[in-house]
Structures are given as C-alpha cells and as structure tokens.
Amino acid sequence: MKSLVTKIQTTENYIIMEVETEHILKIEPGQFVMINIKGFVFPKPFSPMDQKGKKMVFLIAVVGEMTSEMKKLKPGDHIEIRGPLGTPFIEKIDRNRQYILIGGDCGSAPLIHFKNIYPELVKKEIYGFVTPEIKQILTNDNLHIDKVEGMSPLKKVEKFINKDDAILICGSTNFIKAAKKKFKDYLIYGSLEERMGCGIGMCKGCPVKTKSGIKMICKDGPIFNLSEVELEW
Amino acid sequence: MKSLVTKIQTTENYIIMEVETEHILKIEPGQFVMINIKGFVFPKPFSPMDQKGKKMVFLIAVVGEMTSEMKKLKPGDHIEIRGPLGTPFIEKIDRNRQYILIGGDCGSAPLIHFKNIYPELVKKEIYGFVTPEIKQILTNDNLHIDKVEGMSPLKKVEKFINKDDAILICGSTNFIKAAKKKFKDYLIYGSLEERMGCGIGMCKGCPVKTKSGIKMICKDGPIFNLSEVELEW
Amino acid sequence: MVNILGFTFKNPVIIASGPGGNGKELSNYIDLNRLGGFTAKTVTLKERPGNPPPRIVNVKAGIINSIGLQNPGIDKFIKEDLPFLESLNTNIILSIGGDTKSEYLSLIERLNDSKAVFFELNLSCPNVSKHNTNLEHDSDAIYELVKEAKKISKKPIFIKLGSNLFLEKIVKRAIDAGVDGVSLINSSKGLKVDIKKKRLILKRGIGGFSGPAIKPIALAAIFNIKRKFKHLPIIGMGGIFDYKDALEFIMIGANLIAIGSGVMADPEIPIKIAHDLENYFKNDSYEKTIGCALEGFYDR
Amino acid sequence: MVNILGFTFKNPVIIASGPGGNGKELSNYIDLNRLGGFTAKTVTLKERPGNPPPRIVNVKAGIINSIGLQNPGIDKFIKEDLPFLESLNTNIILSIGGDTKSEYLSLIERLNDSKAVFFELNLSCPNVSKHNTNLEHDSDAIYELVKEAKKISKKPIFIKLGSNLFLEKIVKRAIDAGVDGVSLINSSKGLKVDIKKKRLILKRGIGGFSGPAIKPIALAAIFNIKRKFKHLPIIGMGGIFDYKDALEFIMIGANLIAIGSGVMADPEIPIKIAHDLENYFKNDSYEKTIGCALEGFYDR
Ligand SMILES: Cc1cc2nc3c(=O)[nH]c(=O)nc-3n(C[C@H](O)[C@H](O)[C@H](O)COP(=O)(O)OP(=O)(O)OC[C@H]3O[C@@H](n4cnc5c(N)ncnc54)[C@H](O)[C@@H]3O)c2cc1C
Ligand SMILES: Cc1cc2nc3c(=O)[nH]c(=O)nc-3n(C[C@H](O)[C@H](O)[C@H](O)COP(=O)(O)OP(=O)(O)OC[C@H]3O[C@@H](n4cnc5c(N)ncnc54)[C@H](O)[C@@H]3O)c2cc1C
Ligand SMILES: Cc1cc2nc3c(=O)[nH]c(=O)nc-3n(C[C@H](O)[C@H](O)[C@H](O)COP(=O)(O)O)c2cc1C
Ligand SMILES: Cc1cc2nc3c(=O)[nH]c(=O)nc-3n(C[C@H](O)[C@H](O)[C@H](O)COP(=O)(O)O)c2cc1C
Ligand code: FES
Ligand code: FES
Numbered sequence: 001m002k003s004l005v006t007k008i009q010t011t012e013n014y015i016i017m018e019v020e021t022e023h024i025l026k027i028e029p030g031q032f033v034m035i036n037i038k039g040f041v042f043p044k045p046f047s048p049m050d051q052k053g054k055k056m057v058f059l060i061a062v063v064g065e066m067t068s069e070m071k072k073l074k075p076g077d078h079i080e081i082r083g084p085l086g087t088p089f090i091e092k093i094d095r096n097r098q099y100i101l102i103g104g105d106c107g108s109a110p111l112i113h114f115k116n117i118y119p120e121l122v123k124k125e126i127y128g129f130v131t132p133e134i135k136q137i138l139t140n141d142n143l144h145i146d147k148v149e150g151m152s153p154l155k156k157v158e159k160f161i162n163k164d165d166a167i168l169i170c171g172s173t174n175f176i177k178a179a180k181k182k183f184k185d186y187l188i189y190g191s192l193e194e195r196m197g198c199g200i201g202m203c204k205g206c207p208v209k210t211k212s213g214i215k216m217i218c219k220d221g222p223i224f225n226l227s228e229v230e231l232e233w
Numbered sequence: 001m002k003s004l005v006t007k008i009q010t011t012e013n014y015i016i017m018e019v020e021t022e023h024i025l026k027i028e029p030g031q032f033v034m035i036n037i038k039g040f041v042f043p044k045p046f047s048p049m050d051q052k053g054k055k056m057v058f059l060i061a062v063v064g065e066m067t068s069e070m071k072k073l074k075p076g077d078h079i080e081i082r083g084p085l086g087t088p089f090i091e092k093i094d095r096n097r098q099y100i101l102i103g104g105d106c107g108s109a110p111l112i113h114f115k116n117i118y119p120e121l122v123k124k125e126i127y128g129f130v131t132p133e134i135k136q137i138l139t140n141d142n143l144h145i146d147k148v149e150g151m152s153p154l155k156k157v158e159k160f161i162n163k164d165d166a167i168l169i170c171g172s173t174n175f176i177k178a179a180k181k182k183f184k185d186y187l188i189y190g191s192l193e194e195r196m197g198c199g200i201g202m203c204k205g206c207p208v209k210t211k212s213g214i215k216m217i218c219k220d221g222p223i224f225n226l227s228e229v230e231l232e233w
Numbered sequence: 001m002v003n004i005l006g007f008t009f010k011n012p013v014i015i016a017s018g019p020g021g022n023g024k025e026l027s028n029y030i031d032l033n034r035l036g037g038f039t040a041k042t043v044t045l046k047e048r049p050g051n052p053p054p055r056i057v058n059v060k061a062g063i064i065n066s067i068g069l070q071n072p073g074i075d076k077f078i079k080e081d082l083p084f085l086e087s088l089n090t091n092i093i094l095s096i097g098g099d100t101k102s103e104y105l106s107l108i109e110r111l112n113d114s115k116a117v118f119f120e121l122n123l124s125c126p127n128v129s130k131h132n133t134n135l136e137h138d139s140d141a142i143y144e145l146v147k148e149a150k151k152i153s154k155k156p157i158f159i160k161l162g163s164n165l166f167l168e169k170i171v172k173r174a175i176d177a178g179v180d181g182v183s184l185i186n187s188s189k190g191l192k193v194d195i196k197k198k199r200l201i202l203k204r205g206i207g208g209f210s211g212p213a214i215k216p217i218a219l220a221a222i223f224n225i226k227r228k229f230k231h232l233p234i235i236g237m238g239g240i241f242d243y244k245d246a247l248e249f250i251m252i253g254a255n256l257i258a259i260g261s262g263v264m265a266d267p268e269i270p271i272k273i274a275h276d277l278e279n280y281f282k283n284d285s286y287e288k289t290i291g292c293a294l295e296g297f298y299d300r
Numbered sequence: 001m002v003n004i005l006g007f008t009f010k011n012p013v014i015i016a017s018g019p020g021g022n023g024k025e026l027s028n029y030i031d032l033n034r035l036g037g038f039t040a041k042t043v044t045l046k047e048r049p050g051n052p053p054p055r056i057v058n059v060k061a062g063i064i065n066s067i068g069l070q071n072p073g074i075d076k077f078i079k080e081d082l083p084f085l086e087s088l089n090t091n092i093i094l095s096i097g098g099d100t101k102s103e104y105l106s107l108i109e110r111l112n113d114s115k116a117v118f119f120e121l122n123l124s125c126p127n128v129s130k131h132n133t134n135l136e137h138d139s140d141a142i143y144e145l146v147k148e149a150k151k152i153s154k155k156p157i158f159i160k161l162g163s164n165l166f167l168e169k170i171v172k173r174a175i176d177a178g179v180d181g182v183s184l185i186n187s188s189k190g191l192k193v194d195i196k197k198k199r200l201i202l203k204r205g206i207g208g209f210s211g212p213a214i215k216p217i218a219l220a221a222i223f224n225i226k227r228k229f230k231h232l233p234i235i236g237m238g239g240i241f242d243y244k245d246a247l248e249f250i251m252i253g254a255n256l257i258a259i260g261s262g263v264m265a266d267p268e269i270p271i272k273i274a275h276d277l278e279n280y281f282k283n284d285s286y287e288k289t290i291g292c293a294l295e296g297f298y299d300r
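Line order of the protein sequences matches chains B, P, G and V.
For what it's worth, full-length UniProt numbering labels the leading residue of the first sequence as 1, then goes sequentially.
For what it's worth, full-length UniProt numbering labels the leading residue of the second sequence as 1, then goes sequentially.
For what it's worth, full-length UniProt numbering labels the leading residue of the third sequence as 1, then goes sequentially.
For what it's worth, full-length UniProt numbering labels the leading residue of the fourth sequence as 1, then goes sequentially.
These aren't lab readings, by the way, just hints derived from the structure by calculation.
All the given hints hold, so there is nothing to weed out.
Taking CB as the label site, the calculated pair distances span: (1) G:244 with B:77: 22 to 32 Å; (2) B:141 with P:75: 39 to 49 Å; (3) P:136 with G:288: 31 to 41 Å; (4) G:244 with B:68: 25 to 35 Å; (5) G:34 with P:136: 31 to 41 Å; (6) G:152 with V:242: 49 to 59 Å; (7) V:178 with P:1: 46 to 56 Å.
Anything over 12 Å on all C-beta distances counts as not near chain B; from chain G, calculated: (8) 79; (9) 198; (10) 280.
If you're wondering where the values come from, they're calculated on a predicted model, not measured in any experiment.
Ideal Cβ positions, reconstructed from N, Cα and C, are used throughout, including at glycine.
Sequences are here, hints too, so could you generate the full structure?
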C-alpha cells in the first residue's frame, strides 16, 4: 500500500518514522508489515511501535543497506507497506497472566505498542538499549541503558522477577536465546526475528524448529512460547 | 559532480530541467555530460541546452527507463553530473562558414546552446519536433512542428538552402542518415548519437566507422564531418 | 489463451515452483484461478527439513535463497497439498526432485493420476548437493532419466535447468530422450559475504540467486535454446516482475512465463502481469509474438 | 602492499581488462600510479574492428556489452599502447586472446620481454564465437594451451574464466598444466529484448553482462575455486563498485581485486576503493583477510 512519510527523526543509529497509509491498515501488537523503499526490489519486515487510523509509527535501527537508505527519507517521500502480517501477541499468549515486557533494542517497538493497547496485561516494562543515544528521539519511562545501568536488561529483570511472573520478550535471536536460558523456569513468549522473503508463509524462508516440526516465523509466529522452540540448528 | 535540480517542467514526453552544479562546469556547445540519478548504476549522455556559471539546462525526451525516472525528479533532488565530455562543435567545424542549424527533437538542445554562444556563425535555425507538445515548455522562434507544417524539417531546409550553405545537424542516427543523403553536396557536420558506456573513449562502446578507421563518438565526436563517416555497418 | 502440447492456458502467466509454496497462502492474496497455471513447490519422496537459517539474503536487484527444498514429502503432499491444488480452476504443474533416477520415477508413478497437466523435473536446484535434484552436470544421466520417465509418465515432461555452458548439449540429449519441454531458468549460484562478521552469510556458502538481476541471463539461455530448437515448448522465468519483463521472455521464445521471486516481493504481481498482458494482446497475436525477436536474427 | 608470485602490488586494486582501455583516457581522470595494477585490454594478433553498434545495453544493476574485442592488433599495440603502459609506475598485466593455440603462443612471444608482470589468457569472451577467445567449453584445449604457454612464457600465467558449471574441473586441469593463477569472472552471457521494436537489441543477441548484478555470481565462483585450491592466486572481479564489494572478494579469497564496469560508471571508483581499503587495512592484516570468510566453513 502506497504510504507517505509524514515525519522522520533520526540519530546516528536510529530512526523514528511516522507514515500515513493510503487506507487504514489495522495492526495488532506483535504483527508486522513488509516495507519497501525506492531503489530496492524486495521489502523487509518491521513491527510498528504504534498504529492509529492511517498513522503508523516505526522505531528502526540502522543496521544495513535498506535501513541506511531509510535514514535519508524525507517527509513527503513515498514508501510501500504490505500487511498486517503474522500472528498478534494476543492470540497466542495466555490472557490470564500479566507480563514483564523485555525489549532488546528496536525489538521494543511491538512491546510499546502492546502496552498501549493492552495495559492491563502488563506488569512491568523494560526496553534495553546499549547507549543513551535513543533518548534523543524516544521518550519512554522504561528505557534501560546498558552502559548507564552497567548491566543488561535481562540481569535487571532477574533482580525483580517473581516466581509466577510471565515474560513477553522481543529482540535479536541471541538476546532471546540468552533470555530463554536465564528464565527457563518461567512462562516466556518470544517474538523471533529472521531474514524474510515473502512474509506470508509460502517461500519457506524464515524457519524455526519447534516441537511440532519446522514452522515459519512470519506466519506461525513471530511470537512463540519459547518452551516450544529450539533456537539452535 | 553532485548537482541540485532547481527547476523542472514536464509534458508527457519532454522535460526541461535546470540544475545547479556544485562547482562551475564549463561546457562548450556540442559537448555533453553523463547524468546519473538515484536507482541507476550507469550514467547516460545528455547535451545541455544552456550553461552559465553553475546553472545548466537540459532538454530531455522521455524515451525509456532513465528518462522516465527523470520525469519524476523534483526541485531539491540531487543528480550526478560528469563532464564536460566530447569535442566542442567549434573545434571541428569550419569557422569561416555560416551554418543552418537543424535539430531533430531533443538533438536541438546543443544547437540552441551553440546559437547562444556563436550567433555570428549561424545563418538559420530549425528545430524539428513531430507534435506541438514541446511548445508547452519550450519557447523558441524556430520550432518546426512536422504535424503543423506537413513536412519534415529536412524538406523545409531543402526549400531555402543555397548552394554554398553549410549545415550543422543533431538528432537520431536515422535523421542524420536522411540528411546526409538529401544534402550530399553540402558541407554538413552532424552530432551523432550512440548508446554510451564510459563517455570518455576507453570502453569502445560507441563506435562509428570513418574513413580513418573506427572512432569513438564520445571522444572523437560527437560531431563529425558527415563526408567522413559511414553510418551503416 | 495459450495452447501448449494440447492443453489450454487462460493466459501465459504461471507461478514458478517454490516462492509461491503450494498455493494456500498465496490464495489469501490473489485469485489463483485468474492465472494460466500454478507450479507446485518441488516435492521429494521423503520429507526434507530444508537448510538451517538464514535462508534469505538480499542483494542488489535480487535475492539469494537457501531453502534447501524444504517439503513435506510425497505422502503428506498428496494428502495435504494436492487436493487444494486440484480444486483450483487453473492448470497445475507438479515439480518433482529426487536423489536418484528411481526416486523421480516413483514420484511420477505416485502423481500420474493427479489432475496436473505437466510434470517438471527439477534437475538444477542450487541448494542441495550433487545427485540431489542437481543432475545438470551430467547429460547422460539426464538422457536416461528422461527416457524412462517418458515410458511411465501419463503427462508431458518438462525439465528445469539453470543457465550453463552446456545447456544446448543437455537439451539436445533430453530431446533425443523424448522430453516435451524445458523450464528455464532455475536460480543461479550466488553468494554474499558478511564483511562485518567476516563470514559467509549462508551456512552452505552458496545459494540460489534470483530476481531482476538474473533476467538478462535467463533471456540469454532461452535465446540459445530457442534458436536451436525452434519448436520445443519453453516455460521462461528469471526476474519477471512486470508485463514488460514478461514480453521480453515471450518475444525471445517462451510459451509460458513463470513468476518466482516476484510473488515474494509483492503477491499481486502475477495478477497485474496477467491483466497487463491481456491488454497488450488485445492488439497483438500471442502466437505470433512468441519468439518474434528472433526473426531475421543475424547469427555470426 | 600485496605480494603475489614474487611481485609486489602497492595495493590490491587493479583495473580489469577492457572497460579501462589501455589507460590513456583513464589517466586523464585518475593517477593510475596510485593503483596496484592495470590490466590492458585484450589484444589479438590481428586488428579486430569489433562488433557493430549498439555495443552497450543498460539493464537493472548492470550493463550488457558487445564490444567484440575491438583492438588494434599486436603490432600497433606494441607501438602505440605498450610504451604508455610501461611508463606507468604500477604493475601491468597483459591480456591476450586468440583464435588458436598458436596465436596465444605468438602473442606471448611478442610480449615476453615487456615490463608486464603477468599474462592473462582471456579464455572466456562472451562476445566472440567459439574458438575465438572462448575456449572455456573445452578443458582439454585449455590444458594444452596452458602447458605450452608455460613452456615459453617468462611471466606467470593467469587464465580468465567465466562462471560455469565445470569451473572446478577446468581449473584443476589448468593447475595440472602449470597455471599460476585464475582471473574470475569474465562478464556473463546476457540479453535484452527491445519490446517496442520486437527485436534483439544487440546484433549478436547475446552480450557480456557485468556490473553489480553479477557480483553474487562472481563471489560464488571464487568461493568454489578457493575452497578446492586454497593456494591458487586469484584475481577477483565482477560488480566491484566500492570498498565493501572489494572486501567481499578479498574475504572470499581474491588476492587482487579488479574493477571493470566500475570505471565506466565513474572513473574515480578505483582510487576511492584503494583509499578506503588503505584505511580499512590500517587495523587489519591484508594477508589474513584473504579468504577469511571460508574459515570454519561447514561444507555439506
Ligand atoms: C517480524 C520482524 C519485525 C521487525 N521489526 C523491526 C523493527 O520494528 N525495527 C527494526 O529496526 N527492525 C525490525 N526488524 C529487523 C529488520 O527487519 C532488519 O533490521 C532489517 O531488515 C535490516 O535491513 P537492512 O537492509 O538494513 O540490513 P541488511 O543489510 O540486510 O543486514 C544488516 C544486518 O541486519 C541483520 N538482519 C537482516 N535482516 C534481518 C531481519 N529480518 N531480522 C533481523 N535481523 C536482520 C543481518 O543479519 C545483518 O547483520 C524486524 C524483523 C522481523 C523479522
Ligand atoms: C552525446 C549525446 C547527447 C545527448 N543529448 C541528449 C539531450 O540533450 N536530450 C535528450 O533527450 N537525449 C539526449 N541524448 C540521448 C539520450 O542519451 C538517450 O535518450 C537516453 O540515454 C535514453 O535513456 P533511457 O534510459 O530513457 O532509454 P533506454 O530505456 O535506455 O532506451 C530507450 C530508447 O532510447 C534509445 N537510446 C538509448 N540510449 C541512447 C543514446 N545514448 N542515444 C540515443 N538513443 C538512445 C534506445 O535505442 C531506445 O530506443 C544524447 C545522446 C548522446 C550520445
Ligand atoms: C525462495 C525460492 C524457492 C525456490 N524453490 C524452488 C523449488 O522448490 N523448485 C524449483 O524448481 N525452483 C525453485 N526456485 C526457483 C524458481 O522457481 C525460479 O526458477 C527462479 O527463482 C528464477 O525465477 P525468479 O527470478 O522469478 O525467482 C525457488 C526460488 C526461490 C527464490
Ligand atoms: C565494456 C567491456 C569490455 C570488456 N572487455 C574485456 C576484454 O577485452 N578482455 C577481458 O578479459 N574482459 C573484458 N571485459 C570483462 C571485464 O574485464 C570483467 O571481467 C567483467 O566486466 C566483470 O567485471 P565488472 O562487473 O567489474 O565489469 C569487458 C567488460 C566490459 C564491460
Ligand atoms: S518469509 Fe517466506 S515463509 Fe516466512
Ligand atoms: S562510451 Fe566508452 S568509448 Fe565511448
């Protein structure tokens, strides 16, 4: 869907981008969209941090080719958005629990969205970034800066987590692996990342091993109960 | 050289684009530049219609992939310009003659430039376009519209040319072939077109057969005395 | 309408094997019945888990995949995927892959009575090791395989090949063995290095390179085959993303054109192409357009 | 500084044969002495006029050329081009092409006493017919050619090949015959159709496809050779447009990297790459970077 960039704020390594979609594109927290920009043939997956009406907000880490080009976008530029894709958090998690939300870097985006829509399911939030750079563009009371705190967000959570707490985590595969190990006795849902092709489950490009066979992160996930997935191949 | 689009006027099939180059890039009439725009890897050749200081003006026919993208450029966009390339008309032509300038479509651009700089060498001008569309953006007293006049510019020239007139012509290869045939008894210089790679004579991408062997249009031309070239292979 | 080997296609646009899966997901986005046909994802005798991730690498104007023929195996395919495909009102092509000749033959036997119109033998998967659906280095083996496949198959047989130096020779042998058509081209071998991590991105190093970047290579391969074997039916593919790309393939000699990575970039591409081609062929004969760019070709 | 076969290169950046001509034009734009080396345009025994125009076709992320080895022939080359090349303070590589083995051998004899560091035998020009600098289909012929060339040559011999299915086999035979290194890859075969005019754009149909689009193919080819023949010197090329591209080639195993179409897009690219690589290698060892992406590679 043709979409208009309406506002863009950048730091060296981060972007917050607001876009207006042509029609309303309702996104549940945890779902994602495929974004494409001029000069690229294949789109890439991003989870919005917010969506209301035709407005959608993204929090993007500048890590490679497309995200570097995104940094150069200006209000008035057009981008292509396809979605919503993937399963909403709410359809997979146990709704009778309250969650500690743990975001790893831009993995925080869908969790911030989740908190907005389902505040009653959230017990605590912690959005981890390595340096304070993000504060130049993102205001949120629950930012955790590793370099300031002297520890990772997982370490911090360890300090206050209670026996029957549940976790909803989103971040890089390594971050999620670490969390799975550290919190192996807890109910923990993780939103997984993988390089994607189609985003709709048909190309078999984004596999994850689960107890019931190989699943596609884009279609069967991105959220999984971590006890059901095997993150090593 | 990084250059800024400062003004752009378009019709369905034509563009007049003004750009400001980063530094002054002095172009003699007949010389060309290689232009590249976002999304393309290899640049393409265009002859300015005017150049003063850092300002350069192009008259462009929308015929294919790059020119279609050029049509979408907006003031404030950046393009890449490399040049000046090729031999100025003035270095090859007989300066003791006066010329009838014959432009075929956007081949008119360097001739209009020539007239600006060397009015004393011009006897008459005729800039041929098939339809009146060009008049929406280009004002010039010597536009010849085939569909209005009911004949090609060559036919028109035939009517008024004198025995000792000389011709300077620029346009498609077919146009130049036709002129060469029609005016075979005249001194006629033609600025040739060919698909180009490097634009500087090294890749051997733009050959023309001449009496002294195969020459490169980009470096040895684009202007040639038509009696010296063989336009068929 | 396209006629090929006695079958009628609504239009020349089909889905290539792989990127579109077995149609269920894609059918949530587009009406597959609007297309000329659908090629199922290559199926093997036994289930294959596919390669470890990452499986997708983005490169300029293309994508490198390392799916590794993940598929449920023939039993599950017949139970879970074939009925859906057979329920479609479009022509189905079944792509099969095997480690040995007898695996291909078993697959043909298992699928012989399906509603599919053709078999496509995948001989050129870049994502599996030699002898695993990767026979193209061996024209003798291809000859033998095609010959025996033709004996038992109730459907016309296409072989799917990549672009390679000996394509003409391979195709010649396959024709001698009775092949009915060729599908050109499979993804090419491609690789990308992660220069930050100083390592190969794909665990196998090499993957299958597809998308707009390979279009000139696909067209060159089809050109070479078409000018030698004028009457051999060709399914053309490789970087077809719009109707202009499709026209290039048709004019160079493809009877049908298949969309692979295009459906990954945008699932609606096949419908757009079908629509745009329909408009184009209001004024032009499809039959006469096939291979028209080769007429008067000056071969030296 | 790069050491290869006893020669020292200022940096790993060289110009590939062809797009940069014989250096005179390019030297008006950049200081060639800043580069590690310069490969001259392939020279043949007799003058070649090249193919009829058009010779350049733009495609997505690449270019298709049909130059057809236009060159002045060896006599004129020695008189008019070699002195300029020899006057440069950089390593010269001489690329030679022939219709027959004896033509290659004559060329070596004619150029044996030049100041060039290596010979590069062009065996893979896509723009000429079989047996014209296009031997790559025939590994026996390559074996014979290399064997005899090695007997008479006073300089190390590289062979230049395209990406192809039998690359490993060809290189293995060439190594048996004593080859000193390989240059990978030549342009690939590509084609474009003019859909408005319904005809092939190039008069030969097929041309040589180069630029960023072929980079993944080049890297895959080099990977296949490097992992089999760890110590064989490799000149890597194919779509190198910036230092990141260059690093991919170095990490996959190229000892030197060559810029082809890049100089056509922008003559300053080689200098920029040399500069950026110098910065990069302030912190990293060049020797250790060559092929580093293959370490721990899990081949299955
Ligand atoms: C469901 C989902 C939601 C996502 N939401 C966000 C988001 O809200 N904000 C955000 O910044 N990023 C998000 N990502 C990650 C984002 O897709 C990648 O960072 C992006 O594709 C990188 O593109 P690039 O061209 O800049 O990087 P490339 O040049 O392709 O690669 C640079 C680096 O990024 C890594 N990378 C590439 N693709 C992915 C991927 N799909 N997932 C994770 N890492 C990748 C590579 O391993 C490489 O190290 C999400 C990913 C998924 C799967
Ligand atoms: C020295 C020189 C000066 C030029 N000056 C101008 C100018 O001032 N204004 C202008 O509009 N055009 C000019 N041209 C032509 C211009 O370069 C082409 O029209 C342009 O490259 C087409 O790009 P494209 O991507 O839109 O077309 P493509 O998609 O590449 O091709 C579309 C059509 O244009 C033709 N074409 C492609 N390249 C060239 C070329 N280099 N020369 C001629 N025809 C070509 C093709 O044959 C094809 O039919 C000049 C060409 C040369 C050689
Ligand atoms: C993700 C992916 C999976 C593929 N799987 C198969 C397959 O299972 N069988 C097959 O014959 N080809 C497979 N292919 C190759 C495509 O069918 C097609 O031949 C190739 O990608 C070139 O076309 P394209 O550029 O339109 O993608 C696959 C390609 C991709 C990108
Ligand atoms: C215009 C042009 C001319 C070329 N001429 C030659 C040649 O004479 N000899 C040769 O070995 N390779 C020739 N090549 C191939 C290049 O040297 C190089 O191998 C190929 O283009 C891939 O590299 P690139 O993508 O950097 O261009 C030529 C390539 C181009 C684009
Ligand atoms: S990206 Fe295609 S299956 Fe997930
Ligand atoms: S364009 Fe390269 S020689 Fe003219």
